Every structure is written in C-alpha cells, then in structure tokens.
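Can you join these two chains into the complex? Each is in its own frame, and there are hints to help.
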Amino acid sequence: MNPDDDLPPTDAAAALRLIEDQRSETTRRLEPDPRVLYWPWGIAWLVGFGLFFLRFSPDDRVLVRLPGWLPLTVLFVLLLSAAAIQAVAGARAYGQVTGDSARRGRWYGCAWALGSLSVYAGLGRITEHLPHDLAALLWSATAVGLTGALEMAGGAIWLDRDLFRLGVWISVINVVGTFAGPGWHSLVIAVAGGGGILVAGMLAHLRRRRAR
Amino acid sequence: MTDLDPVIHAQARLRVVASLSALGDGDRIAFPRLQELLAMTAGNLSVHLRRLEDAGYVEIRKTHRGRTPTTLIRLSRRGRLAFEEYTEAIRTLLDPTPSKEQS
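Top to bottom, those sequences are chains V and S.
Going by my numbering, the first residue of the first sequence is number 1, and it counts up by one from there.
Going by my numbering, the first residue of the second sequence is number 1001, and it counts up by one from there.
Don't read these hints as lab results, they were simulated from the structure.
Since the structure is predicted, the reported quantities are computational estimates derived from the model, not experimental observations.
Hints are not guaranteed to be accurate.
Covered stretches of chain S (chain V as the covering partner; in silico rule of three or more C-beta atoms under 8 Å from a C-beta of chain V) [to be verified]:
| no. | region |
| --- | --- |
| 1 | 1022–1031 |
| 2 | 1052–1059 |
| 3 | 1079–1093 |
Ideal placement from N, C-alpha and C gives every residue a C-beta, glycine not left out.
Chain S on its own, in the form it takes in the complex (with noise of 0.2 Å):
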C-alpha cells in the first residue's frame, strides 16, 4: 500500500473526498451540512479541507446566502480523478485480477 496518493489516503480525508464524490457533479455543499455528514468537528474538518485544497483536489468557494456567509465545497475535477485511482488502486489491491469496469 506503499504507492497510494498520500493527500486522499488518510482515513479522514478519505472519508471527506468519498462523501464529496457522491454529490452530483455541478453541486457544491455547505460547510456544516457536510461537517454533519462526516461528524467532525469544525476545526478537524478545516484542516484536511485545507490540505485537499493546497492538493488541488477540493475547491472551496465563500460567499453570502443573503447576508449569512457561507463556505461551498466541492471535489475539483483532479480531485474526482485522484478519488477514482485512489478507489481503482485499492480494488487492484484486493483482486488483482482483472475485474469488469466499475460505475
């Protein structure tokens, strides 16, 4: 398990890009709606949100619901190709045959 990408290979941030991945593709989600998915706390969360970020695999967009601020978050483009290898490798890993193209 040596060659996995480091950034997604973490429990937690595992468990944040796999909850982000199952959003749709042009839907962003909101900073304590997925803090409530994930059960983390709040400064946990931000920072492996942050380093998803410095990796390029999060984007992370503040702006106002009306007068309240909000932070939106979705998996990048790179971050969703990085999730998929990540997933591809693991399933390598545990059969390593083969196996038909998984949805």
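Here chain V stands alone, though its shape is the one from the complex (with noise of 0.2 Å):
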C-alpha cells in the first residue's frame, strides 16, 4: 500500500477538486463520446436516403443513372456499421457495469430488435402489391417513424434531452416527407434526418463539454 495515500487531502480546496476531477473523469469514461454515437447513423441516412433521392427521383424520374440495388445496399451497409460502431463504444464504456443502467440499455436495445421485426414483418407481407415509388415510401416511413418514436422513448429513459428533441424532429419531418410524396422523401429524410442526426451527436457533446 502507498503510504501516502492513506493521508488527508491537504485543504478543504484540494479535496473538493479532488471529488469533482474523479466524478467528472468517471462519468466520462463510464458514457460513451456522443458523436461516435450519433454520427455513424447521421452518415448513414444522408448518404444512404441521399442515393435513393438521386436513383429514385420524384414523379419515377433519375437524377444520376445509378444501379437499382446501389442505394439499398449502400443504405444496408452503413446502418449495419453504425450498429456495429455503436455495440463496440457502449460495450467498451459500460462494460464491467451490471445493475440497473445495464438492464435499461439491454431491454431498450430488444425494443428496437423485436419493434422493427414485428413492424417490417406485416411490410413485407403488403409491399409486392404496391407500385414501386409506394412500396418504397411505405418501407422508409415506417422505419424512420420508428425509429422517432423509439429515440422519444429512448429520451424519456434516461431523461436525455437530446435524444428526445431528435426523435421529435426526426418524428415530424417523416410527417413532413411523406406528404410530400415518393422521392421528396428520401431528400428530407438525407438532408433534415440525417443532418439533424450530425447536429444532435454536436449538440450532446458540447452539452457534455460544459458540463464538466
């Protein structure tokens, strides 16, 4: 044992700084950085609904003559990406923790598994009777309506003001692009979705940084 750490901080000054630098170093390392959170899905929607607007234009035009399977696929991949990125930060941060914030974070998680098979289950039993542009609009407003939904939840958990004010955005500009028809869609969802997404992880790591 160090024999000097068995001795009193020097002043009443050295202890609170003490107290204040553990907790603060604690709880950085114990949360995750937010925008390694957030951006990967920020990314992955403005790219990925971006090459949809591009392929699958409004009223069945094509902007840039991309293949058919690109966007999808490219959308695919980089969602699985930000999951992925996403598992390894939380498991790295709340690794070794159990209790109470753990079991939040697994049942949350299933939510969001078992929400979006349940919801895409009865898609995909309808969608080969709709025209293409419908087909595709009724797949991206139901995931992006969900995951609004989940991200308000999600808010309301952990009484995260963030989370809940994306997933209010995220809520209303689906409403927004899905009047706005098949095509217009995709674009609001790149550009109002997955920017609203960059400026949340911005918004939540600054709000971290003052906090300290």
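This is the structure in structure tokens:
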C-alpha cells in the first residue's frame, strides 16, 4: 500500500477538486462519446437516403443513373456499420458495470430489435401488392417513424434532452416527407434527418463538455 | 478539518468513494474496471475497499459471470449519505455562507 495515499487531502479546496475531478473523469469514461453514437447514423441516413433520392427521384425520374440495387445496399451496409460501432462503443464504456443501467440498455436494444421485426413482418406481406415508389415510401416512412418514436422513448428513459428532441424532430420531418410524397421523402430524410442526427451529436457533445 | 469523516477523509478512499458515487443508483462495477478507472494497484484498492466495507460504506458482492468469478462493488446507501455529508462539509469550509442547494 502506498503510504502517502492514506493521508488526508492537503486542504478543503484540494479535497473538493479531487472529488470533482474523480466524478467527472468516471462519468466521462463510463459514457461513450455522443459523437461516436450519433454520427455514424447521421452519415448512414445522409448518404443512404441521398442515393435513394438521386436514383428514385420524384415523379419517376432518375437524377443520376446509378444501378437500382445500389441505394438500398449502401444504406444497409452503413446502418449495420453504425449499429456495430454503437455496440463496440457501448460495450467499451458500460462493460463491467452491471445493474439497472445495463438492464435499461438491454431492454431498450430489445425494443429496437423486436419492434423492427414485428413492424417489417407486416410490411413484407403487403409490399408486393404496391407499386415500387409507394412500397419504398411505406418502408422508409415506417422505419423513420419507428426510429423517431424509439428515440423519444429513449429520451424519456434516460431523461436525455438531446435524444428526446431528436426523436421529435425526426417524427415531424417524417410527416412532412410522407406528405411530400415518394422521392421527396428520401430527400427530406437525407438532409433534415441525417443532418439532424449530426447536429444532435454535436449538441450532446458540447453539452457534456460544458457540464464538466 | 478535524470533524470530517476519517474513513472518507483520506486521498485514496475519497477517490474510490467519489468514483463510485458517479455510478447510477442501482449499478455495480467490476473490480478490474474500478481499478482501471482509479489507476490503483489491485492490492492497494483491496485494502481501501476493505476499510470502506468495514465502515458499511461499500457493498462488495462476489459472484460468477459464466465460469469466471467476479467481484462487484457499489456504494451502500450509508456510504452515499456519508459522501454527501462529507462533500457538504467541505463546501461549507470553503464558503461558510449558506449556499444554494447543490445537485
């Protein structure tokens, strides 16, 4: 045992500094950087839905002659990468902490997985009876709607203002994009949705830095 | 600085308690992770944890994760209270005028 560390702090100011430093250091290391959590999703939406808009543009036009399979493939690869990055960052930060927060995180992850499965199972049954543009709109509006709802719920669970506001924003632009129609929906989600996620990540990052 | 809780009023244990206080109320942290957060040797951390456990300030639970034995640590209700009182006492020493409620 280090003989020095059983000594009291030199004075009250040193004690308070020690408390504050140790608490903020612990919090910082137990919470992943918000930019790592948000930005990969923002980029996935920006690029993925952006390609959708360029290939499957409003009024059945094609703004850029991309292969038809490309937008969906790119979107899926980017979404899966974002999920993987989030899983690794979460495991590194929360790893070896057990209890209520771990359970909250697990159940929330479960809500995403099972919620997506149950919603998409229904969509899968009806899309074959729809024209391509309406089928695409139905899938993306449902996926974005579910995301907005779960983000608001996440904000409520962790009392996380940034996450809740992002959920509200995404739900609102989803309504706007849906009424604007096929093609336009992709543009709205790419720019306002993807951009919104990038901004939310930055705001969460700044809020955390200020809190320190 | 004579009336301060002698269990917490030592640099190493104050760091341990401050770190544990940053965890969520229902959370426990594994020994190696706490050790890494504090940059203390395992032996040193054990000694201080035992002292805190004897005072009833931390709860140490030995369990298994799969087949690996794990030691999980958290601040007890009493420990959290003692830490809050200690922090309040320090703040009063620094600023004897009644301050607004700290969160």
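Query raised in the report: Which numbered hints turn out to be false for this structure?
Result: Hint check: 2 fails alone, others pass.
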